[in-house]
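Starting from the given sequences, assemble the full structure and let the hints guide the process.
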Amino acid sequence: MASEALDLPLDDTPASRFLAWFIGGLTYLAVLACAVAVLAQGTVERLADTPRIVTVALPPVDDAAAGEAEVRAVRALLEGLPGVAYTSLVSKEELDRLVEPWLGRAGEDRPGEMPLPRLVDVRLLPGPEPDLAALAEKVRTVAPQALLEDTSPSHGTLETLARRLRWMGGGAGLVVLVLTLVVVVVVTRMSLDLHDETVDLLRLLGAPDRYVARQFELHAMASALKGGSIGFTAALATLVALLYLPPLLGHPLFAVEPRPLDWILLAIVPVLAALMITVAARLTATIGLARLR
Amino acid sequence: MRYGSGEEVLRDIGLSINAGSFHYLMGPSGAGKTSLLRLLSLSQPASRGTVVLFGRDVARVDRDELGRLRRRIGVVFQDFRLLDHLTAFDNVALPLRIGGADPERISAYVSQMLCWIGLGDFIEARPPQLSMGQRQLLAVARAVVGRPDLLLADEPTSNVDPARAERLVHLFAELHKLGTAVVLATHSRELVRRWPFPVLHMERGRLIRALPAEPRAAVG
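Same order as they appear, the protein sequences are chains A and B. Numbering that gives the first Met the number 0 puts the first residue of the first sequence at 0, with every later residue one more than the last. Numbering that gives the first Met the number 0 puts the first residue of the second sequence at 0, with every later residue one more than the last.
One thing to keep in mind: the hints can contain errors.
Unchecked claim - Restraint-style ranges between C-beta atoms, simulated for each label pair: (1) B/Gly13 - A/Met189: 20 to 26 Å; (2) A/Trp20 - B/Glu173: 48 to 54 Å; (3) B/Asp120 - A/Glu196: 24 to 30 Å.
Please keep in mind that the hints were generated in silico from the structure rather than gathered at the bench. Glycine included, every Cβ here is placed at the ideal spot set by N, Cα and C.
So, in structure tokens, the structure goes:
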């Protein structure tokens, strides 16, 4: 006989009625923003796991024996350093191929022997960002003219981009959550004003503030669960479509996929939002009721 | 007592209502009957003077205590103040839910009350689906379901037929016998004649006189 209806007709006002849809839309955006952060974090970790190559360039020398000794000294020094996997001397053929676009083919366009620098590739172990300036300093103790260059330029750019996206995604998710809370606070205050006569009646019947505030809390929680489920399901569908459909067509959009833990983190977003919305509604109602006589 | 910064609507009221008493409140329209009931139901504070209810000065109690005092009062509002989105059952159950009664007790009490008052077939109906008289009965049921210590009724028989009015006053008298103090605002001299209890007479915001109970006429 007892219905599930709240004592306050909180679904009677447009703002309250559409609260679930507001929350649904904002949850959708929050989950997508957090997914961007999660994918960016995956990219950052993947790049950190990728071996990195820097190249040490030694200027050309006339004395071949002295040059070889210098290369040996540089390689011995580098291979003794922590974080260096191994070093390799770039062969003359490889060097010729590298300069060919600018200087032409060796022996045909380039008559005579043009002095070229000697290059040593240094493969670094995956891990934290290496201090290239310190590494160059150390190399210069045995080869004062040596230059050190990070030969994987796209690596740095990608990593910077991924790091920025991670913060932007996380930040956007946070902004959307805050916006959701603002909407809930505004709607609760509006409802409190609109239903002042009913609130007055409940208080006349002896309802304490916590009883009345509970009405707003229950309504907000129901809206959050409904809207959160809709928003999360829609965001999940969008993510799955973006992640798994393009690879089937041969054009993957992302180099990384969310790990199982990432999916769990994304599922926490609507739960966290529902919790915060419920608390925000209760606090807003309690503060509003305290202002009434 | 005054509403906002308006003129005083009640003045020089000296009234003591004993536990288990029954009083009619009579007087012409605008005399201040509803205002006095609002004061007694703790919906309006006194602008000066003191209101002591159940031994507590209501101006000095905190919000929680005010709620507890209000839960001991049943009020039948002149305009009923029913919640249109709730069923008849939920409207009557409201004071019990607020009081924290368990669902089984609520179900039993409310069903019993609605059947007794003649709304047993309208348990699931919402107030807009009921006639004026039925709404009035519903408002009475809500006021008495928690068996209050003080019952304040503002014209509770004005919209019901004589037979139902008789039944309602009988209900109030029964509550009175069980220890509830009843203050019933009415214009009906017939009612006072048939159910003789002391009459509080009001005019222009003042309590003019308290008349002793009229000799009881034939009670059906």
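> Any of the earlier hints contradicted here, and which numbers?
Replying inline: As far as the earlier hints go, only 1 is violated by this structure.
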